[in-house]
Structures are given as structure tokens and as C-alpha cells.
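Make one complex out of these two single chains by using the hints.
Protein sequences, first through last, are from chains Y and V. All residue numbers for the first sequence refer to the working numbering, where the first residue is 851 and numbers rise by one. All residue numbers for the second sequence refer to the working numbering, where the first residue is 15 and numbers rise by one.
Hints are not guaranteed to be accurate.
Straight-line C-alpha distance at most 30 Å; calculated DSSO-like pairs for lysine-lysine [claimed, not checked]:
(1) Y:K958 / V:K97
(2) Y:K958 / V:K55
(3) Y:K867 / V:K55
(4) V:K36 / Y:K901
Keep in mind the hints are simulated off the structure, nothing from the lab. These numbers come from a predicted model, not from an experiment.
Here is what each chain is made of, one letter per residue.
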Amino acid sequence: GDSVTQTEGQVTVSESKSLIINCTYSTTSIAYPNLFWYVRYPGEGLQLLLKVITAGQKGSSRGFEATYNKETTSFHLQKASVQESDSAVYYCALGDSNYQLIWGSGTKLIIKP
Amino acid sequence: GGIITQTPKFLIGQEGQKLTLKCQQNFNHDTMYWYRQDSGKGLRLIYYSITENDLQKGDLSEGYDASREKKSSFSLTVTSAQKNEMAVFLCASSWTGGRDYAEQFFGPGTRLTVL
Numbered sequence: 851g852d853s854v855t856q857t858e859g860q861v862t863v864s865e866s867k868s869l870i871i872n873c874t875y876s877t878t879s880i881a882y883p884n885l886f887w888y889v890r891y892p893g894e895g896l897q898l899l900l901k902v903i904t905a906g907q908k909g910s911s912r913g914f915e916a917t918y919n920k921e922t923t924s925f926h927l928q929k930a931s932v933q934e935s936d937s938a939v940y941y942c943a944l945g946d947s948n949y950q951l952i953w954g955s956g957t958k959l960i961i962k963p
Numbered sequence: 015g016g017i018i019t020q021t022p023k024f025l026i027g028q029e030g031q032k033l034t035l036k037c038q039q040n041f042n043h044d045t046m047y048w049y050r051q052d053s054g055k056g057l058r059l060i061y062y063s064i065t066e067n068d069l070q071k072g073d074l075s076e077g078y079d080a081s082r083e084k085k086s087s088f089s090l091t092v093t094s095a096q097k098n099e100m101a102v103f104l105c106a107s108s109w110t111g112g113r114d115y116a117e118q119f120f121g122p123g124t125r126l127t128v129l
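So here's chain V without its partners, still in its complex pose (with noise of 0.2 Å):
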């Protein structure tokens, strides 16, 4: 089996602060997600890479930016911390979708809160 660790496990910045969030999973998957869960809700994607240095956005992506160094690491930035961004963020790794949509398996997350 494999893991996926999440890092920092609790991040708290200041408004208008970047932060930078970080993942690494030992699956050898080549796609990695970064979504958002705000309380109560369901996920929201954010970015994905099918690749090392892929970037895909997803719906939620304003704000944030995003980095695959490689293939077992992916990172997310809040480029300016808002207040009402205060969430989960989930890191998730698969082997590349298609039709079949390949499982998902999902880190701990990261709360963060901003100040």
C-alpha cells in the first residue's frame, strides 16, 4: 500500500498572507488533486496534474496557485489568505483517469485558518 501525507496538518496565516501547502504520496500515481472543503460542504477541485509539471485548474482555482516539482510531490499556494477562505484543504493521488475514472485516495488534510 501507500500514503499520502499532508503538510502542515494545521496552517495559520494572517489576511493577505501567502501560504503554501504541501503533499507527497508514495503511490508512484501520476495524478495529483488539491480540493477544498469548507464546513458542511462538499469538495471543490482546485487544481490537478496528470504529469510532473502539469498543471490543470479546476473550477475553484482563483487565488491559488500550484506546483508539481515531481512526480510524488504537489504543493498549493494561497497567493493572498482571506478570511473567508478558512477550509480543509484534501491532497488526493490516482493513477491517470479516463473513462474509468481511476480511485482516488486522499490525505488527511490541512485546516487552515486565517486571521
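Just chain Y, with the same shape it has in the complex (with noise of 0.2 Å):
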């Protein structure tokens, strides 16, 4: 079946500092899934942060990029620089061949000030 796994728990990074939490994907019903990071910040409802249909394409949000990486079956979410504003949890999905997710277990992201 298709399977995505990410960063497992908690990341704590300090402001300013950059960011990567890692997502790998696994599949064996469809040979280019969509990919997809959905956030949900503290009292929300969670939400799409971005999406990327296409392998070898970048996607980017809110000082966010993920990259398509069809070769490393991955896609993993960074940013350069983070704020208090981005603690939440992430989300990384899979759009598998029945046009379902597929969902990671969530990775929580704490701001150190």
C-alpha cells in the first residue's frame, strides 16, 4: 500500500533559525502521486499549506518550500527562517490512486525565542 512518513514528534527550533522537517512517501498504486504539506496552528482547524503536483517542481508558502523529489521519493518542507507564528503541527499527505490522502503522523514545530 501507499505509506508517507515524516519527522516523528516534536522539533524545537530557535527564531531565525531555518528549518527542515523531513517527509518520505512510499507507493505502489500510483507512479506520480500529488504531494501535499497541511498545517494546523494552535485553536485552527488544519489547513493546506501547499501542494505540488508535478515531480521535480517546487512549491511555496508563507516562506515555505517543499521540492518534488521523485528520485529520493521525497518531500521534504523547509524554510529559511522561522518565527514564533509558524509553531503548529505539519502535516505531510499523499494523493493516492482512489484521489484519498494518505497522511503522516504530524510533526509539532516549537519556536524557541
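See the structure below:
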């Protein structure tokens, strides 16, 4: 089946430092899945952060970037300089052959002032 | 913009009890979803519906029923609550998917506790 593995648990980063949250995927149902990052800010519902539907392309939003790497089956989320407002839980997801989303377990980002 | 409302926010039930969770959306989206999220885990699809009166099973449908009474509402029934079902249930909606995977919009969730 299809699966998504992302950085487990929580990540703590000092304000203005760089961030990477790893995401790798495995798929047997679809050769070129669409890839997504969703985010849940404290007190809010899950919302789409960015998506990439073409291998080799980069998506970006709110200073975050992720590149769809077909060779390494990865879609890591990066930001050059984090802010306190980036504190949230981040989820990587894959679109499978049934047009449904397969989700990673989520990574909680904590920003140290 | 629109909003997704889930009721109740917290649901406490007894083991073996039948429990119903409700979801309303005013986006006028075609497709609605129910997910379950256990603590520290990703979301797992229970049911989805691509139009009124349509129901499609997800990977986790056993032990649940769903009903799409009208375009704007989608309810989920836990047919017999079990202690290992304590989780957050998330409702989502989107325009009809397809190859472009329409963005899903989520409600705030219902937290289920089974005593």
C-alpha cells in the first residue's frame, strides 16, 4: 500500500533559524502522486499549506518550500528563518490512486524565542 | 469564505453505546469526508461522500455508519463505542476531486471519550 513517513514527534527550533521537516513516501498504487503539506495552528482547523502535483517542481507558501523529489521519494518542508507564528503541527500527505489522501503522523514545531 | 461546523465539540459515551457526530459546511462543496485521528497519529479515512445520498467507504469504515442527508451535512455514527476508539474525528469538504485533488477544508473536530 501507500504510506507517508515524516519527522516523528516534535521539532524545536530557535527563532530566525532554519527548519527542515522530513517527509518520504512510498507508493504502489500510483507512479506520480500529488504531494501536500497541511498545517494546524493552535486553536485552528487543518489547512493546506502547499501542494505540488509535478515531480521535480517546488511549492512555496508563507516562506515555506518543498520540492517533489521522485528519485528519493521525498517532499521535505523547509524554511530559511522561522518565526514564533510558525508554531504549529505540520502534516505531509500523498494523493493515492483513489483520489484520497494518505497522511503522515504529524510533526509539532516549537519555536524558541 | 466558508466554514465547517462540527457538533458536539466533546462527546462522552459509554462502551457499547451508539453515538452520532454531525458536520455542516457552507462552502457548497460536493465532497465531504470523515477522518479519525488517534493521538500522535495521522488521519485515517472512515467515509466520504461525493454528492447527496452517496457514501463511499474508507479504510476504517468498520464499526461506523454515515449519512449524507443533504449537500451541506454529513453525519457519522459510531455503531457501538469501544474504549480503543477514543480519538478526534475530523470532518472535511472539498470540490469534487479528480486528478487535481481538490483542497480539503477541515472542521475543528469532535473529541470522543468512551468510558
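Okay, the hints, checked on the actual structure:
1. Y:K958 / V:K97: holds, 26 Å
2. Y:K958 / V:K55: Answer holds: Y:K958 to V:K55 is near 12 Å, not above 30 Å.
3. Y:K867 / V:K55: Roughly 27 Å separates the two Cα atoms, so the pair holds.
4. V:K36 / Y:K901: Holds: V:K36 and Y:K901 sit about 29 Å apart, inside 30 Å.
In this structure, none of the earlier numbered hints is contradicted; all agree with it.
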